[in-house]
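Participant: Chain by chain, the residues run as shown.
Protein chains: 2
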Amino acid sequence: MKILTLNERDMQEAMPFEGILASMRKALIESAEGKGEVPQRLRVNIPQEDGQTLLMPGYAKASRALGVKIVSVFPKNPEKGLPGVPSVMLLLNEETGEVLALLDGTALTRWRTGALAGVATDALARKEARTMLLIGVGGQAESQLLAVSLVRSLEKVWVYDLDPRRAEAFAQAMSETLNLSVRAVEDLSAILSKADIVTTVTTSRQPVFDAALLSPGCHVNGIGSYTKEMSEIPVELLQRAALIYVDTKDAIEESGDFQKPLAQGTFALEQITGELGALLAHKAPGRRSKEEITFFESTGNALFDVVCAKDLYEAAREKGLGQMLEL
Amino acid sequence: MKILTLNERDMQEAMPFEGILASMRKALIESAEGKGEVPQRLRVNIPQEDGQTLLMPGYAKASRALGVKIVSVFPKNPEKGLPGVPSVMLLLNEETGEVLALLDGTALTRWRTGALAGVATDALARKEARTMLLIGVGGQAESQLLAVSLVRSLEKVWVYDLDPRRAEAFAQAMSETLNLSVRAVEDLSAILSKADIVTTVTTSRQPVFDAALLSPGCHVNGIGSYTKEMSEIPVELLQRAALIYVDTKDAIEESGDFQKPLAQGTFALEQITGELGALLAHKAPGRRSKEEITFFESTGNALFDVVCAKDLYEAAREKGLGQMLEL
Numbered sequence: 001m002k003i004l005t006l007n008e009r010d011m012q013e014a015m016p017f018e019g020i021l022a023s024m025r026k027a028l029i030e031s032a033e034g035k036g037e038v039p040q041r042l043r044v045n046i047p048q049e050d051g052q053t054l055l056m057p058g059y060a061k062a063s064r065a066l067g068v069k070i071v072s073v074f075p076k077n078p079e080k081g082l083p084g085v086p087s088v089m090l091l092l093n094e095e096t097g098e099v100l101a102l103l104d105g106t107a108l109t110r111w112r113t114g115a116l117a118g119v120a121t122d123a124l125a126r127k128e129a130r131t132m133l134l135i136g137v138g139g140q141a142e143s144q145l146l147a148v149s150l151v152r153s154l155e156k157v158w159v160y161d162l163d164p165r166r167a168e169a170f171a172q173a174m175s176e177t178l179n180l181s182v183r184a185v186e187d188l189s190a191i192l193s194k195a196d197i198v199t200t201v202t203t204s205r206q207p208v209f210d211a212a213l214l215s216p217g218c219h220v221n222g223i224g225s226y227t228k229e230m231s232e233i234p235v236e237l238l239q240r241a242a243l244i245y246v247d248t249k250d251a252i253e254e255s256g257d258f259q260k261p262l263a264q265g266t267f268a269l270e271q272i273t274g275e276l277g278a279l280l281a282h283k284a285p286g287r288r289s290k291e292e293i294t295f296f297e298s299t300g301n302a303l304f305d306v307v308c309a310k311d312l313y314e315a316a317r318e319k320g321l322g323q324m325l326e327l
Numbered sequence: 001m002k003i004l005t006l007n008e009r010d011m012q013e014a015m016p017f018e019g020i021l022a023s024m025r026k027a028l029i030e031s032a033e034g035k036g037e038v039p040q041r042l043r044v045n046i047p048q049e050d051g052q053t054l055l056m057p058g059y060a061k062a063s064r065a066l067g068v069k070i071v072s073v074f075p076k077n078p079e080k081g082l083p084g085v086p087s088v089m090l091l092l093n094e095e096t097g098e099v100l101a102l103l104d105g106t107a108l109t110r111w112r113t114g115a116l117a118g119v120a121t122d123a124l125a126r127k128e129a130r131t132m133l134l135i136g137v138g139g140q141a142e143s144q145l146l147a148v149s150l151v152r153s154l155e156k157v158w159v160y161d162l163d164p165r166r167a168e169a170f171a172q173a174m175s176e177t178l179n180l181s182v183r184a185v186e187d188l189s190a191i192l193s194k195a196d197i198v199t200t201v202t203t204s205r206q207p208v209f210d211a212a213l214l215s216p217g218c219h220v221n222g223i224g225s226y227t228k229e230m231s232e233i234p235v236e237l238l239q240r241a242a243l244i245y246v247d248t249k250d251a252i253e254e255s256g257d258f259q260k261p262l263a264q265g266t267f268a269l270e271q272i273t274g275e276l277g278a279l280l281a282h283k284a285p286g287r288r289s290k291e292e293i294t295f296f297e298s299t300g301n302a303l304f305d306v307v308c309a310k311d312l313y314e315a316a317r318e319k320g321l322g323q324m325l326e327l
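Chains as they are written, first to last, in our numbering: chain D, 1 to 327; chain L, 1 to 327.
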């Protein structure tokens with residue numbers, strides 16, 4: 001069995017980020033059309049490390065992408081100077097079951113997560129959106145910013161984090177990387193009304209901003225809450241939003257952004273417009289005015305991983321990238 | 001992340017087969033002591049290929065072995081000249097969740113399956129057993145024979161297969177490889193009474209021999225039946241056997257060798273002695289006479305895969321084998 005191994009650099013060289021956006025656009029449509037098979041993820045617990053290893057298999061029929069992402073959440077890793085969430089992605093040949101490729105799962109997750117919000121922002125934000133507020137500057141922040149910068153001509157970006165020095169460092173680094181005005185802010189209330197696009201990517205368990213301060217026409221991406229216990233988004237946003245899209249229907253079950261207000265009776269399922277892929281396929285409504293507030297919630301899904309991995313693999317093969325190993 | 005890739009040759013050089021036997025002895029004890037965490041395997045179906053991909057994670061606490069075997073069953077592969085059941089094994093570091101190694105899952109499965117029956121034969125067969133009958137000469141047959149040849153001084157081996165030419169070719173090859181008298185036979189009834197050890201490793205859905213013809217003192221390994229629909233072992237053997245051991249308790253649920261007679265009421269759960277590891281740990285009875293017939297049923301388990309992979313990995317590291325890749 002020949003297996004192509006692709007590290008982060010190979011993956012970067014294989015495809016510009018625009019390619020990841022195109023890949024996720026395709027995967028979102030595939031999800032909305034019900035062409036994905038994504039079994040419930042499987043968990044192995046490692047109690048003495050407070051660790052867990054998650055197996056996330058997926059099969060995208062239309063993209064002919066089959067694979068499994070293996071993600072280990074080991075909270076003591078950072079103390080050891082190791083990544084907290086090491087991950088690999090195995091791509092399989094859907095005609096033979098053979099392993100085609102082994103990819104860096106951490107980079108893959110970062111990119112596909114950023115790209116999902118990028119596609120959502122492209123579909124939902126006003127065309128003339130020029131300003132963005134990013135709340136949370138952890139490992140997922142860079143690709144969130146990069147993806148939005150590819151779909152809108154950003155002029156100003158503000159970033160906020162509970163740790164102001166971390167926000168400052170991120171702002172400096174991103175100003176250079178993206179050649180954009182990126183500024184760290186310590187007071188959200190002054191900024192919220194100025195942001196055309198707001199993205200939250202934190203691990204918070206309570207809302208991280210005041211929805212009353214958002215301007216009409218704003219688009220919000222909720223990216224950080226992927227368990228029922230986590231929530232970043234104030235229920236007032238859900239109540240104000242004219243459109244509420246999710247990456248897949250699983251997000252409704254998985255995210256505390258929905259589950260907490262649903263449990264409290266302050267929000268109803270019917271207020272969710274649907275899966276973003278339906279809008280991308282022109283089968284669901286998009287923004288109807290410059291005043292509407294729109295919201296996109298993403299919890300991610302193995303379907304996005306397998307489609308992204310397949311597209312990266314094919315691009316890498318064409319360019320002769322990566323290291324081939326014989327097993 | 002540094003990942004050591006071990007192909008079949010690396011694995012072979014890392015450890016003599018005796019090492020695999022020792023590894024499985026340890027894993028069987030660990031299983032009987034309840035120190036393994038093996039979640040139900042996860043399946044992804046690929047309907048247009050009649051294919052399925054199975055994810056088999058396991059965590060052996062005492063052996064500190066964590067990993068997942070990925071096995072794809074694609075029945076159309078042989079027509080394409082490809083292995084029907086391609087497989088890889090990912091070994092993870094149980095302290096950090098990082099991937100330590102990628103191994104050939106097909107070789108691993110073959111070896112650990114053979115070794116399990118070897119350990120069982122060592123524990124249950126008479127010390128003076130000198131003859132063996134192997135029923136079924138598919139992909140698992142060679143390691144079955146090799147493992148038994150390491151625990152008993154075999155003088156004569158007979159092999160039988162529905163396809164006599166295949167049996168003949170296997171017998172010739174094995175005679176040379178093991179430097180043993182291995183003969184293909186077409187009539188089982190003449191041989192059954194002469195065999196001290198009988199191993200069945202077929203995909204049959206009905207019993208493959210007549211238990212009445214077995215001699216007193218015979219030991220039988222049932223290896224092929226790993227689904228409820230499959231069965232190789234006649235219920236009369238279960239009724240005659242003084243000891244019935246399983247590799248793990250899951251074998252009772254998984255194998256048609258038990259499930260069919262249980263459903264028909266011709267066999268009772270209480271007749272199963274227990275997990276082989278309990279006998280290895282001297283906590284359960286072994287053979288008490290030269291006349292007792294003993295039986296071992298194995299359906300395999302991810303626990304055996306992870307322990308075997310960990311031991312192979314450590315041996316390979318010590319000898320500097322394999323190819324290190326940086327992801």
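It is possible that some hints are incorrect.
For identical chains, the list gives no copy identity; a pair is met inside one copy or between any two copies.
In silico DSS-like links for lysine-lysine, alpha-carbon gap of 25 angstroms or less [what the hints assert, rightly or not]:
no., residue 1, residue 2
1, K319, K2
2, K80, K290
3, K2, K76
4, K35, K249
Treat the hints as calculated values from the structure; they're not laboratory data.
Participant: Would you mind marking each hint as holding or not holding in the structure?
Facilitator: Against the structure, the hints come out as follows:
no. : hint          : in the structure
1   : K319 with K2  : both (17 angstroms within a copy, 24 angstroms between copies)
2   : K80 with K290 : neither (49 angstroms within a copy, 57 angstroms between copies)
3   : K2 with K76   : between (35 angstroms within a copy, 19 angstroms between copies)
4   : K35 with K249 : within (13 angstroms within a copy, 37 angstroms between copies)
Violated hint for the displayed structure: number 2, the only one.
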